[in-house]
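Chemist: Place chain H on chain F using the hints.
If you want the building blocks of each chain, they are given just below.
2 protein chains.
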Amino acid sequence: MEQQVVECIPNFSEGKDQSVLDAIVGVIKESGCNVLDASMDPSHNRSVVTFVGAPDDVEEAAFAAAKKASELIDMEKHHGEHPRIGATDVIPFVPILGVTMEDCVEMAKRTGKRIGDELGIPVYLYAKAAARPDRVRLPDVRRGEYEGLKEAIKTDPDRKPDFGPGELHPTAGATAVAARPPLIAFNVNLNTTNVKIARAIARRIRESSGGLPHVQAMGVTMEDTGLAQVTMNLLDYRVTSMEFVFSKIEEEAARRGVEIVNSELIGLVPLDALLDVAFARLKLEGFSRQRILDLIT
Amino acid sequence: MEQQVVECIPNFSEGKDQSVLDAIVGVIKESGCNVLDASMDPSHNRSVVTFVGAPDDVEEAAFAAAKKASELIDMEKHHGEHPRIGATDVIPFVPILGVTMEDCVEMAKRTGKRIGDELGIPVYLYAKAAARPDRVRLPDVRRGEYEGLKEAIKTDPDRKPDFGPGELHPTAGATAVAARPPLIAFNVNLNTTNVKIARAIARRIRESSGGLPHVQAMGVTMEDTGLAQVTMNLLDYRVTSMEFVFSKIEEEAARRGVEIVNSELIGLVPLDALLDVAFARLKLEGFSRQRILDLIT
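Just so you know, the sequences run in chain order F and H. Heads up, our numbering is the position in the first sequence plus 100, with the first residue counted as 1. Heads up, our numbering is the position in the second sequence plus 100, with the first residue counted as 1.
The shape of chain F in the complex, shown without the other chains (with noise of 0.2 Å):
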C-alpha cells in the first residue's frame, strides 16, 4: 500500500513551562508520531507542536495531546497575547503523503467528536472541516476568546460547539479542529528596530488589506534581537509565491530605508515552494524536478 502520512500542528495555552509541553510531546510520541518540531513562545505564552504520522496514529496522538493539556494546563490562569480559547486551543489536519483533504476532513470529525464526548470539552470545526460557513474562519470561531465564549456558547444559538457540551469545560475552555492545505509560515526579519515599518509592510502585503492574495501577514517586535518581523502565513505558494512575497517585502523595506536581515520558515515547506524561488532566481527555463539527482529512484 501506498505511504499516507498526515501532519498535526496542535497549539497549546502554555509558553512558558518546559515541563508541561514535554509532557505533550511525549504523549505524541507513545502514539507512533515523529515529533519535527516543538516550541513555546513565552511572550504569546502559548507553545506549537509540528508532528507527521500515518493517519490513525496521529489521529490518537491528537487525541492523547488534548487529553495531556487538558490535565495540565487551567485556562482561568492563563494570560497571553495571542487570541485562544482553550488549553489545546487549535488541532489542523493536513494531508501530506497519500491522502485526501477528505481523509483529513473525517480526521477532524472523529478527534473532534472523542474530544467532546471523552474528554466534555467543547469543539468548533473549522477550516476545510467546517460545517458551517461562519466557521471557516478562525478568527470567527475564536470571537472573544476564552473569557468570552464562556457566557456566549450558552446564551448565542451560532456559538453552539458541532461537538460536546453547550458549556467550557472548566479549566480546558474549548478546542477547534480543522483540516487544511500545507500553509507556509515564514518570517521576514528587518534592521530596524521600529515595529511601525513592519506592522506598515505587513498591511501592504496581506489579502485582507488589500495585498496579495492567500497572504496573511503582522508587524511584530522580536524578543530575542528586538528587531521588526513581517511574520506571515502563505496559504496557497502556487498562487503567491515565497520569491514574489519576498521580492515585494524588500521593495517595500526599501522605500522606508530599511533592509531585510535573514528570514526564517516555521515548520514544514513542501519542496515546490523552494524549487520556485531558486527558478525564479536564476530565470531557469526548460528544468523539471525529473532532473533533480536525490530525487530519482
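Just so you know, not all the hints are guaranteed correct.
Identical chains blur together in the list; that is why a pair holds if it fits in one copy or across any two.
As the list claims (entries may be wrong) - Derived lysine-lysine pairs resembling DSS-like cross-links, with alpha carbons at most 25 Å apart:
#1 K348 to K383
#2 K260 to K383
#3 K213 to K250
No lab work stands behind these hints: they were computed from the structure.
Modeler: Showing chain H alone in chain F's frame:
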C-alpha cells in the same frame, strides 16, 4: 538495506548515426539501469548517455556499452571537433545515494581492468580514480587525441595505460574511466549577440584564468537564437555555488551593459545545489532539509 544509486555518463564517438546510439542505450537498459538522457551532437560527432542504477548494474551496463561501442564505432573513420581517444571516450562514475567516492573509484578500477582484459582496449584512469597525478585532469589523458596517442602509447612510458594492452585497439582506440563528484552543467544566456562579451565573462569566472574555484567556463554563440552564452561546468557546487556564479555573471554582465536573459541546466543536478540558491535568495536561517515536506518518509 539503504538504497544505493550511482550515475554514469559515458561519452561515445558517434554523433550522427542514431542506430549506434540506440544499440548502446539498449544494452544499458538490458543491464537493469534507468537511462535518463541520451543525446547526439552531430557537430561534435559525439553522444552522451546519462544513466543511473544500483552499483553492480551500472558497472555491468558500462562494460556492456563499451563492448557494444567497440563493435559499432571505428575510430579510423571518426572526425569531430571534440577531443577524444576512443569509441567509448570516457566513462565517469558518480556517487549519488548510499555510495562513497571510494566505492566509485573501485567501480572505475574494476570496469577499467575488465575493458582492458576482455575487450583488449587500453584504459586510463582519471579524476578521483587516477593512479598518478598527471592523469587527474582529463585533457592531460587525452593529449594528442586518438591519432597522437596511437604512437605515444608505444613510445612514451608516461602514456602507458593503467589496464589493457600497450597499444591502441585497432578500431576502438582507448578509453578513460573515472570516478568524480557530480558536476553541474550550467549555461547562462545574455541579451547580446556579441560573443566576445560572453568570452570575457567566462575568462573572469573560470578557475584556469584565475577566477572562481572549480568553475570551467567558455563563451559561445547559441545556434538557435544567435545570443551569446556563458557555458559552464561547476565541478564542486559546495565550494562555488550556482548562486555565487550567477551573481558574478550578473555583475560582470552589468559592467558591460548587458543582462541575463535566462539560464539552463543540462543533465542532472543535486537537490542541495538548488536549495542553496533558494536559501541564499531568501537569506534563510536555521532551516534544514528535514523540514521539507516531500522529503519526509
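Chemist: Which of the numbered hints above does this structure break?
Modeler: Violated hint (a single one): 2; every other hint is consistent with the structure.
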